[in-house]
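The primary structure of each chain is shown beneath.
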Amino acid sequence: MRIVTVRRISQIFFFVLFLWFCLVTTIGGEWWRLRGWPVNLFLQLDPLVAIGTALTTHSLYWPLLWALPVVALTIILGRFFCSWVCPFGSVHHFVGFLAYRKKNLAEKVKANRYRKGQCIKYFILIFFLILAALPLAKGPGLQIGLLDPISLMSRSVNLVLLPVIDNLTGTISVSARFYEGAWLILTIFFAAVFLNLLIPRFYCRFICPLGALFGIIGRFAIWRIGKKQIGCPDCKMCERACQGACAPSAKIRISECVLCFNCLQDCANETISYQTRPSLAGEITNPDITRRGFMLSAISGVFALPAIRLGNLLGSNYYYRLIRPPGALPEEEFLQRCIKCGQCMRICPTNVIQPGGLQPGFESLWTPVLNMRIGSSGCQLNCTACGYICPTSAIRPISLSEKLGLDDFAQAGPIKMGTAFVDRSRCLPWAMDKPCIVCQENCPVSPKAIYTRTSFETVRDGILTVKKAVGGVVETIEDTLVPDQFSTGDYYCLLKNGERRKIETNTENTIVVSSADSFERIPVEGEKIEIQIRLQRPYVDIHRCIGCGVCEHECPVSGRRAIRVSAEGETRSRHKSITPKGQYL
Amino acid sequence: MTESEQKGITRRDFIRRSAKAGASLAAAGAASYWLYDAAGPPAVSVEEGIKALPDFSIPHSEGKTISVVKGSDRVETVNKAIDLLGGIERFVKPGERILIKPNVAFASPPILGATANPQLVAEVVRLCYRRGKAKQVIITDNPINDPQSCFRLSGIGKAASEAGAKILLPRDGYFRNVSLAGGRLIKNWPVFTVPLEKIDKLIGIAPVKDHDRSGASMTMKNWYGLLGGRRNIFHQDINTIIAELAMMVKATLVILDGTQVMMTNGPTGGAASDLQRKNVMIASCNAVAADAYGCSLLNLAVADLPYLGKARKGGAGTTDFESLKPIITSIG
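In the order they appear, the protein sequences are chains A and B.
Read in order, the letters of the first sequence correspond to residues 3 to 587 in our numbering.
Read in order, the letters of the second sequence correspond to residues -14 to 317 in our numbering.
Among the hints, a few may not be true.
In silico SDA-like cross-links for lysine to any residue, where the CA-CA straight-line distance does not exceed 20 Å [stated by the list, open to error]:
no.	chain 1	residue 1	chain 2	residue 2
1	B	Lys298	A	Gly30
2	B	Lys151	A	Gly30
3	B	Lys143	A	Pro332
4	B	Lys143	A	Trp34
5	B	Lys151	A	Ser177
6	B	Lys151	A	Thr173
7	B	Lys298	A	Ser177
8	B	Lys151	A	Lys436
9	A	Lys504	A	Pro485
10	B	Lys298	A	Val484
11	B	Lys143	A	Thr507
12	B	Lys172	A	Leu36
13	B	Lys143	A	Arg35
14	A	Lys504	B	Lys151
15	B	Lys151	A	Leu282
16	B	Lys298	A	Thr173
17	B	Lys151	A	Ile174
18	A	Lys504	B	Ala286
19	B	Lys298	A	Ile29
20	B	Lys151	A	Thr490
21	B	Lys151	A	Glu32
22	B	Lys263	B	Leu282
23	A	Lys253	A	Met297
24	B	Lys143	A	Thr292
25	A	Lys504	B	Lys143
26	A	Lys504	B	Asn173
27	A	Lys436	B	Asn217
28	B	Lys298	A	Thr507
29	B	Lys143	A	Ile29
Selected chain A positions facing chain B (Cβ under 8 Å, derived; list incomplete) [unchecked claim]:
no.	residue
30	Ala56
31	Ser379
32	Asp543
33	Ile544
34	His545
No wet-lab data here; the hints were simulated from the structure.
Computed from a prediction, not measured in an experiment: that's the story for all the values here.
Positions of the beta carbon are idealized from the N, C-alpha and C atoms, including for glycine.
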C-alpha cells in the first residue's frame, strides 16, 4: 500500500473519530451518547494545550499527558500530526485539493511555493506563549484557544455546525440548542476554510500556532523528507501537491514539512525519500523568523495582556452578570486554563452554558458563561457534567456532594455561582398587585432560598360603599364592577373593623364571601369596604441561594427578568461576597 | 462578428429570441397575477385554534367511578384500586394505544416524591399491556426542567421503558393552539395535542402534593404538563387555569398516589421531612372527584381549594365524591 493511501486513511479515520466524539458528547447511557467515549482525546493529544497550561499553571494536568507521546513522535518523525491526525488540517487539505484539482501543474506549483508569510504563525505562537508565561500580579493569561486548531474546530462543530444541522433536520437533539454569538464562530471557521481557495492549507501554513509549535519541536527529526540522490531534473512534480509549502525541490524547510508524502509519491525520478540523512539539496531546519520579528511579537505579548487587563475586570470592575459554571476556578486561575473548546457548552443538558462575548472582557470571549434565559432550566441541581468534561480543569470535576454541600462538604456548604436578586420594580406581586411566586416554586434547594411573606393590598378603585349587606352578600352603591373579576380565589373583602374574608364571586354591584365563613359583624349602609388582593411576595435568602438561575429562567416577566442572578456571593470569589463569613444564618 | 453585424439578425434567431422573451414576460405576468395582494398584510392575528381535545372518558358506571385503597405497596394498591372499578379491561381495550401522562415535572430523584413514583408508572404500563392487551403505551410530559434530565433522574424513563412503554419527549411540532370553549385563559394557547390525535385512551398519574401557590397539586394540576409556551403566566390566576385544565382534559382514568404525601414545601419539596406516609391509592374516572377526596390527605377541605369549585361550575366534574359512592378498602 502506498504511503499516501495510508495517510489518507489516517486522515479520514481521525476526522470521522473527531466528529463522532463531538456527536456523542451528550449525557446518557446509550452507545451513541457519552457513556465512556474519550471525547476529549484530540484536545488531550494537543501539545499546545499541554504546554500552554503548563506555562500558566506550572503543572501538567494529568489527562494532558497524552501530549507527551505526540511530542515524542514529533521529535523523532517530524510534523506528522498536521497531515495524519489534525481534523482541522484534513478539512484544509481537502478543500485545497478541491480548489486546485482542475488547475495545471504550473498553477499548482505556484500555489505551493514557500512564502515568507509562513513565518507569521511562529509570531502568533510566540505571542501566545509570552501571554502564558507573563508573571503578572493577577497571573498570566491563556489565549491559545482562540487559534488552536483543535479548540477552533471543536468550538465550530459543537456550537455552530451540529446545532445548525440539528435545527434543520431535528435529528440530533430533542429540543433546539442555542448558542449566542455563534455567527462569529462560523465566520471565522468559514473564513479559514474558504481561504484554502486562494492558497491551499492557508491556515496551516500562515496561522496555526500548533503547527508552529510542531515546526519548532520537529525540526531536528531523525527521519525527514529529502533528496536521496543527485541528478534531480528539477521537474517540480514534488511541489504539485506539497501541503506544507516547504520547497522539497530546493533546500527543504523541515519545520514547514507536514509529512503528507505527496512529494515522495509524485517524484518521477525516485529522488525524494523519507530518510535519516539530510537532503542532498540541503535543508533548513529553523523556522524563518528573524530576531526582529521575534522581538516584535514578544514585546506585543508583553504589552497586550496588561493592556487587556486595564479595565480592572478582574478587580473591582468585575462584570456582575458573568456567572460561571459550578466548579469553575477563581477567575484569574480560570483564565489560565480555559481553552474555549466549547465542550462544557455542548454537554450541558439544559443549554444554559453559553460562549461568552466581549462584555466581561476580551479574555472571556468564548469562555463558558451562564445565560439563564436560554435553555430549559438554569443550572440543573443534580448535574456536574461540565466539570467532568472540561479537558483542562478550568471547571473542576466536582462531586455532587461538593456542589450541593452534603456529606464531607456539609461544613463548607454548597457551591454558589452567584445570588438571585428580586427586582421589586418588575416583580408581579411586588409592583403589579398580581400573584405569582413561580420563582419560589421552582427553587430547587431545600430549604428553599426563596421564601414569601404574605401581604394584602387594596386594589385600585377598590374602596366601595355598602348599600345593603345580608349574610355574606354585600351590595354596593358602585355598580361598575366586572362580574367575577374577584372570583380567582386571591381576593378578599376588608371591613372597617379589620375583618377580612375571601371573596367567592362578585357581580356588577355585589361582593359575595363564603357563606360558611361569613362576617362576624355584618357591615351597615354607608360603610366603606376594601377589596384586597392577597399577594405572596418573594424574598431571597442570600445564605441559601446558590445562584443556579432556575428562578430567573422561570420568571414570567420574560424580557428583563424580575429575578436575576448576579455574581455577588459566588463561592469562588471572596471579593464578591456581600456578607462576612462566620455570620450566623 | 462583423459579418453578422452587417447581415443583421436571421429570421430564425429573431423568432427564437422573441419566443424566449415572450415566455419570460408571460412568466413574470403569471407570477404577478398569482401573488397579487390587493389588501396588504392584516393586523397581527393568531390562529383561533382547536376548540376541544378528544374525549377519552368511558361511559359512566354506577358505583364504579372512584375507588380508594389503603396499603403500603403501590403495586398492590393500584392493582386493587383499578380492579374495584372494573379492572383495566374496562379502560383499555385490546389493540388500543394508550397515553399515560405522569407527573415528570422536575429533575428530582423519586425518593423526594416531587414526581410520580416510577414503579407505579411501570405497573400501570404493565397492566395495559398484559391484561389490557394494549397495542402501545406511550409515556409523555412537558416538564418544567430539562425533559431528558427529568425522565432520567425521576426514574420514570427507565422504569417505563423496561415495562415496554415508549417515552415521548416534547418537541415544538407537537403543540397546537387551543381555545377552550367556556375557557377564559386557554385562548390561542399551545397545548400538547398532536400526540393525543393518535391515541385511544388517556391515563393521568400524579402524587398528592402540597403547593404553595394553589394549595395542592394532584390529578387536575397534573394536566399543566400538557400546556406549552410560557405557561408560568397563568400563576396569576392559578385556580382558574387548573379548573380550565380539568374542563379541557377528559381522561379515561386518573390515579392519585397518596402513598407518600408531600405535606409541606410543595411542589418541589426537597427533603424527606416534607413527606408523610399515608398509604392511600385513589383511582378515579374523574379528576375533580379524585382531587376532592385527595385534599383530605393534605388536611385540607374542598372549600380550601378554590379551583375545585370553579371546575365544578365549569362542568368538569363533581366535588361531592360521596355522591359517586366511592369504594374504600384496605390491603393488609
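Verification of the hints:
no., hint, in the structure
1, B/Lys298 - A/Gly30, "violated (46 Å)"
2, B/Lys151 - A/Gly30, "holds (17 Å)"
3, B/Lys143 - A/Pro332, "violated (38 Å)"
4, B/Lys143 - A/Trp34, "holds (17 Å)"
5, B/Lys151 - A/Ser177, "holds (18 Å)"
6, B/Lys151 - A/Thr173, "holds (18 Å)"
7, B/Lys298 - A/Ser177, "violated (38 Å)"
8, B/Lys151 - A/Lys436, "violated (40 Å)"
9, A/Lys504 - A/Pro485, "holds (16 Å)"
10, B/Lys298 - A/Val484, "holds (19 Å)"
11, B/Lys143 - A/Thr507, "violated (46 Å)"
12, B/Lys172 - A/Leu36, "violated (42 Å)"
13, B/Lys143 - A/Arg35, "holds (16 Å)"
14, A/Lys504 - B/Lys151, "violated (45 Å)"
15, B/Lys151 - A/Leu282, "violated (70 Å)"
16, B/Lys298 - A/Thr173, "violated (45 Å)"
17, B/Lys151 - A/Ile174, "holds (18 Å)"
18, A/Lys504 - B/Ala286, "holds (15 Å)"
19, B/Lys298 - A/Ile29, "violated (46 Å)"
20, B/Lys151 - A/Thr490, "violated (38 Å)"
21, B/Lys151 - A/Glu32, "holds (15 Å)"
22, B/Lys263 - B/Leu282, "holds (7 Å)"
23, A/Lys253 - A/Met297, "violated (27 Å)"
24, B/Lys143 - A/Thr292, "violated (64 Å)"
25, A/Lys504 - B/Lys143, "violated (45 Å)"
26, A/Lys504 - B/Asn173, "violated (31 Å)"
27, A/Lys436 - B/Asn217, "holds (13 Å)"
28, B/Lys298 - A/Thr507, "holds (12 Å)"
29, B/Lys143 - A/Ile29, "holds (15 Å)"
30, Ala56, "violated (36 Å)"
31, Ser379, "holds (4 Å)"
32, Asp543, "violated (14 Å)"
33, Ile544, "violated (18 Å)"
34, His545, "violated (16 Å)"
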